[in-house]
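Undergrad: Keeping the supplied structure of chain A fixed, place chain B upon it in accordance with the hints.
Each chain, written out:
There are 2 protein chains.
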Amino acid sequence: MHASDLAVPFPAVEPSTPAAQAAQLLANQRLPGLIVVDEFGSPLGVLPGTRLVALALPQYVIEDPALAGVVDESAADASVRLLGGRTVQDCLRAGQGELPVVRLDATVLEIAALMARTGSPLVAVTDDADHYVGAVLVGALLDLAVSG
Amino acid sequence: MHASDLAVPFPAVEPSTPAAQAAQLLANQRLPGLIVVDEFGSPLGVLPGTRLVALALPQYVIEDPALAGVVDESAADASVRLLGGRTVQDCLRAGQGELPVVRLDATVLEIAALMARTGSPLVAVTDDADHYVGAVLVGALLDLAVSG
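Chains A and B are the protein sequences, given in the same order. Per the numbering used here: the first sequence = residues 1 to 148. Per the numbering used here: the second sequence = residues 149 to 296.
In isolation and in its complexed conformation, chain A is listed as follows (with noise of 0.2 Å):
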């Protein structure tokens, strides 16, 4: 069994899209995270809904758990429509690590150690171009080891 089993349609973004739009999408879909491809197909990274939350918050309220806290209610409401203007591109982290990315020809193991490794609940599926043709979901992983 290989990633071509595996694998399901799943959306992508680019960095030039507008990141309420990605955020559109995870919400309404209840998507685990959004795949981001460049202008030539080819995956650039995983985009977790995290990773927009933390996008739309004033660093300093990030990194201050008590402040969070103090902050007047309306003020807290408003602080998270901040996603306007801001794109996809603002949420990449340069140097992010290991891509969750494989060819089509990965096994089920490679997949799965490299979920393990990076975390990610999605793992973007290239062909041999190294254009996204697909992701393989975490459920799908976990199907196959409860129905051995």
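Wrong hints could be hidden among the right ones.
[Stated by the list, open to error] Partner residues aside, some chain B positions facing chain A, computed with beta carbon under 7 Å:
1. L174
2. V209
3. A261
Everything labelled a hint here was simulated from the structure, so no lab data went into it. Here a beta-carbon is modelled for each residue, glycine too, at the ideal position from N, C-alpha and C.
TA: This is chain B only, laid out in the frame that chain A set:
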């Protein structure tokens, strides 16, 4: 707006729950993770699906990317079925850092900052007696962020 407005019923497991049963819950319901509670109903942490995948793999396979690629394919398929006999307890890491847990009166900003810090796509919500009552999903926060 507070955790009490955003929390939804969400499955919880105990440390003694078989890992295979947790995997089945995650896979069947396509959940981003499970809440783990102790015998008194107090949250112990969040169990992401990727940690169950990691549990199903020998440690040396996770650590050596090259190795996963050269393991015999039938052995590779078999390796992800190693969950039998393991429990959720085996997936819980000691000292896993800040717990993604808030009280019912936590503000949106507190929940968002906690998600940003921990990277957890779900946060357990407890009542005054520290009993688990539901979870806030990252999608609910993103809904808020885009509905502003």
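Undergrad: Out of the numbered hints, which ones does the structure contradict?
TA: Structure breaks no hint.
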